[in-house]
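> Sequence:
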Amino acid sequence: MKMRSIVCGVDFSSGSKKALRAAVDLARTNHSALTVLFSEEPMLVAAAHAAGDTRAAKATTTAALERFIARTTRTEPPDNVHAIVTEGTPADEILKAARREDADLIVVGTRGAGNIARLLLGSTAQRVLRRARVPVLAVPSGGPS
Numbered sequence: 001m002k003m004r005s006i007v008c009g010v011d012f013s014s015g016s017k018k019a020l021r022a023a024v025d026l027a028r029t030n031h032s033a034l035t036v037l038f039s040e041e042p043m044l045v046a047a048a049h050a051a052g053d054t055r056a057a058k059a060t061t062t063a064a065l066e067r068f069i070a071r072t073t074r075t076e077p078p079d080n081v082h083a084i085v086t087e088g089t090p091a092d093e094i095l096k097a098a099r100r101e102d103a104d105l106i107v108v109g110t111r112g113a114g115n116i117a118r119l120l121l122g123s124t125a126q127r128v129l130r131r132a133r134v135p136v137l138a139v140p141s142g143g144p145s
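The opening residue of the sequence shown carries number 1 in the numbering used here; numbering runs sequentially from there.
If you're looking for bench data, these hints aren't it; they were derived computationally from the structure.
The model shown is predicted, which means the values in this text are computed figures rather than measured ones.
Some clues are possibly wrong.
Said to hold, decoys possible - In the EDC-like style, the derived pairs of lysine to aspartate or glutamate whose C-alpha atoms are separated by at most 16 Å in a straight line are:
(1) Lys58 x Asp11
(2) Lys58 x Glu40
(3) Lys2 x Asp102
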């Protein structure tokens with residue numbers, strides 16, 4: 001299956017580092033466009049702005065995402081990597097980006113977050129897997145980063 005476009009959702013965790021590395025490898029192999037997405041929760045953004053926290057500014061977060069991509073890939077990322085920061089529920093934003101980019105694959109990391117299903121996948125990965133219209137690669141967070 002030829003992949004023209006891949007979307008990878010990250011949250012700056014060690015699990016999302018692994019997912020990003022997998023997405024970059026796939027993008028290189030397939031000469032695919034790769035969109036790396038970080039989504040800020042609206043309530044946290046509003047609270048940060050109300051408290052005068054300028055770190056919540058989208059430009060600052062985008063710069064942090066670009067640094068995360070550069071550090072995580074350990075080599076020069078492919079030319080066709082695009083970092084975007086959105087505001088909203090992470091699963092919803094990942095799915096919107098996949099539709100907008102006409103993605104052939106979504107890549108997400110997994111991690112424990114509570115009940116049995118969430119313990120295995122993480123709530124964002126679980127929601128993406130349930131609702132995605134394209135294949136999803138769920139990269140486990142276990143093992144070395």
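> Which hint numbers does the structure go against, in order from smallest to largest?
Hint check: nothing fails, all pass.
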